[in-house]
Structure formats: C-alpha cells, structure tokens
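Novice: Quick mapping for you: the protein sequence lines, in order, are chains X and H. Mapping of the first sequence onto the numbering used here: residues 33 to 148, in sequence order. Mapping of the second sequence onto the numbering used here: residues 353 to 460, in sequence order.
Some hints could be false.
[To be verified] Lysine to aspartate or glutamate pairs mimicking EDC-like chemistry, simulated, CA-CA at most 20 Å apart:
{"#": "1", "chain 1": "X", "residue 1": "K76", "chain 2": "H", "residue 2": "E357"}
{"#": "2", "chain 1": "X", "residue 1": "K73", "chain 2": "H", "residue 2": "E357"}
{"#": "3", "chain 1": "X", "residue 1": "K68", "chain 2": "H", "residue 2": "D355"}
{"#": "4", "chain 1": "X", "residue 1": "K51", "chain 2": "X", "residue 2": "D70"}
{"#": "5", "chain 1": "X", "residue 1": "K76", "chain 2": "H", "residue 2": "D355"}
{"#": "6", "chain 1": "X", "residue 1": "K73", "chain 2": "H", "residue 2": "E390"}
{"#": "7", "chain 1": "H", "residue 1": "K419", "chain 2": "H", "residue 2": "D406"}
{"#": "8", "chain 1": "X", "residue 1": "K76", "chain 2": "H", "residue 2": "D447"}
{"#": "9", "chain 1": "X", "residue 1": "K76", "chain 2": "H", "residue 2": "D378"}
{"#": "10", "chain 1": "X", "residue 1": "K72", "chain 2": "H", "residue 2": "D355"}
{"#": "11", "chain 1": "X", "residue 1": "K72", "chain 2": "H", "residue 2": "E390"}
{"#": "12", "chain 1": "H", "residue 1": "K388", "chain 2": "X", "residue 2": "E141"}
{"#": "13", "chain 1": "X", "residue 1": "K99", "chain 2": "X", "residue 2": "E56"}
{"#": "14", "chain 1": "X", "residue 1": "K76", "chain 2": "X", "residue 2": "D117"}
{"#": "15", "chain 1": "X", "residue 1": "K68", "chain 2": "H", "residue 2": "D447"}
{"#": "16", "chain 1": "X", "residue 1": "K76", "chain 2": "H", "residue 2": "E390"}
{"#": "17", "chain 1": "H", "residue 1": "K388", "chain 2": "X", "residue 2": "D70"}
{"#": "18", "chain 1": "X", "residue 1": "K54", "chain 2": "X", "residue 2": "D117"}
{"#": "19", "chain 1": "X", "residue 1": "K103", "chain 2": "H", "residue 2": "D447"}
{"#": "20", "chain 1": "X", "residue 1": "K84", "chain 2": "H", "residue 2": "D447"}
{"#": "21", "chain 1": "X", "residue 1": "K103", "chain 2": "X", "residue 2": "E85"}
{"#": "22", "chain 1": "X", "residue 1": "K73", "chain 2": "H", "residue 2": "D435"}
{"#": "23", "chain 1": "X", "residue 1": "K72", "chain 2": "H", "residue 2": "E357"}
{"#": "24", "chain 1": "X", "residue 1": "K68", "chain 2": "H", "residue 2": "E390"}
{"#": "25", "chain 1": "X", "residue 1": "K41", "chain 2": "H", "residue 2": "E390"}
{"#": "26", "chain 1": "X", "residue 1": "K99", "chain 2": "H", "residue 2": "D447"}
{"#": "27", "chain 1": "X", "residue 1": "K68", "chain 2": "H", "residue 2": "E357"}
{"#": "28", "chain 1": "X", "residue 1": "K73", "chain 2": "H", "residue 2": "D355"}
Just so you know, the hints here were simulated from the structure itself, not pulled from any lab data. Keep in mind the model is a prediction, meaning the values are calculated, not measured.
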Amino acid sequence: DTAVSQTPKYLVTQMGNDKSIKCEQNLGHDTMYWYKQDSKKFLKIMFSYNNKELIINETVPNRFSPKSPDKAHLNLHINSLELGDSAVYFCASTPLAGVGGTGELFFGEGSRLTVL
Amino acid sequence: GEDVEQSLFLSVREGDSSVINCTYTDSSSTYLYWYKQEPGAGLQLLTYIFSNMDMKQDQRLTVLLNKKDKHLSLRIADTQTGDSAIYFCAVSNNDMRFGAGTRLTVKP
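Let's have the full structure, built from the sequences with the hints guiding it.
Specialist: Here it is in structure tokens:
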C-alpha cells in the first residue's frame, strides 16, 4: 500500500564505493524527484524526471546518475562515494499542478546514506 | 539569498499558538505549501494555498499569504506536544523549492 517506497532505508558504506538507491511509486504520477537532505535538514532538489525524461538536473556532481526505467521508478546511482555524500535522500512524486493535482509532492520515507 | 527563507527554530508552550513565517522570491509561484516532517520520516503535506487566496483555514491551521510582500505564514492554534516537528515552507512553479525548515518545539 505504500505510495512512494525507497530501498534501502539505511546504507552504510566506505568512501570510494558505488551504491544505488531505488524508488518506486504506485500513484500513477508522471513526475518523480530526488531530493537531498543534509544534516541541518536543508532539502535540496537534485533531479526531476517526467515520464522517464530528465527535466531538472541541478548542480550535482556527475558521480550521481539517475535512471528511470519507467515512469513508476526512479533510481539513483552514486559512484566513488565521498564523505560529503552522507545525507538522507528522499524520492518524491507528483501529478503536477494543473495536471490533475495541486503539485503536492508525495515523499518516500528517505534513505539514510552514511559514508565512512 | 535563498529562494525560500524561514527561521530555523521556534519554541512555544502547550496550548499557545505557534506562528511560523516564510518569505520567498518567486512571485510567479502558483501554489504555496506547508509540509511537516517528524523524526525519521519523510515530509507530509500539511496544507497548501493557491496564489490567488489570502487566507486558508483548516481546523487548527491558518495559512496567511501576503503576495505583495511575498510572505507566507502558518499559524497552529492550541499547539500540542504532538505538533513538535520540522515545518517546511515550499513554493511551486516549475518545480518545488523548500525553505530550510523551522524546528517547532512544544514544551508541556
């Protein structure tokens, strides 16, 4: 029944490793996002996909590569992990304002990444 | 400065009213939102207001929008300990931009 689900919920890894976080939504939304929340709780948009196509790509290192195999899934792969990548990563989806919705974002529970 | 700004901390006593303020820069924002984040959880929409409205009331929540000053506020009446959380202001045009979040602490 979970609307937006992310896995894993916790991820602890060493610097230099490559890891992926997966996200799936069963709401039928066309647009999905990745947000990064740092230790001070500041929430920053990273990527946005609309129907499998990249529409927003903020200033994010190219070690971060999103992939959307279909409109219900948006995965985040991170290469060569660095200490500063430690954060909580939130996936979200929306039907978009004016397109059957108010633009409300539906968030997953977050994936806490710790890089040692 | 940031697109959306809010003060970081607010502390109130149980039963008092809480007012969380937010200012934003994008005057073309269509919808403006308040999200609540409890510890260890994702953000959940608390309420929203359409940009052509001045005020919206929903039970204990009152949202006020001053478009001229680009100021949004959230008032929580009769604040309870269960209201302790981080409250995020967000504005939406092409994408959603969030403030830094206001940590509300409610003391018994």
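Novice: Which of the numbered hints above does this structure break?
Specialist: Result: no hint breaks.
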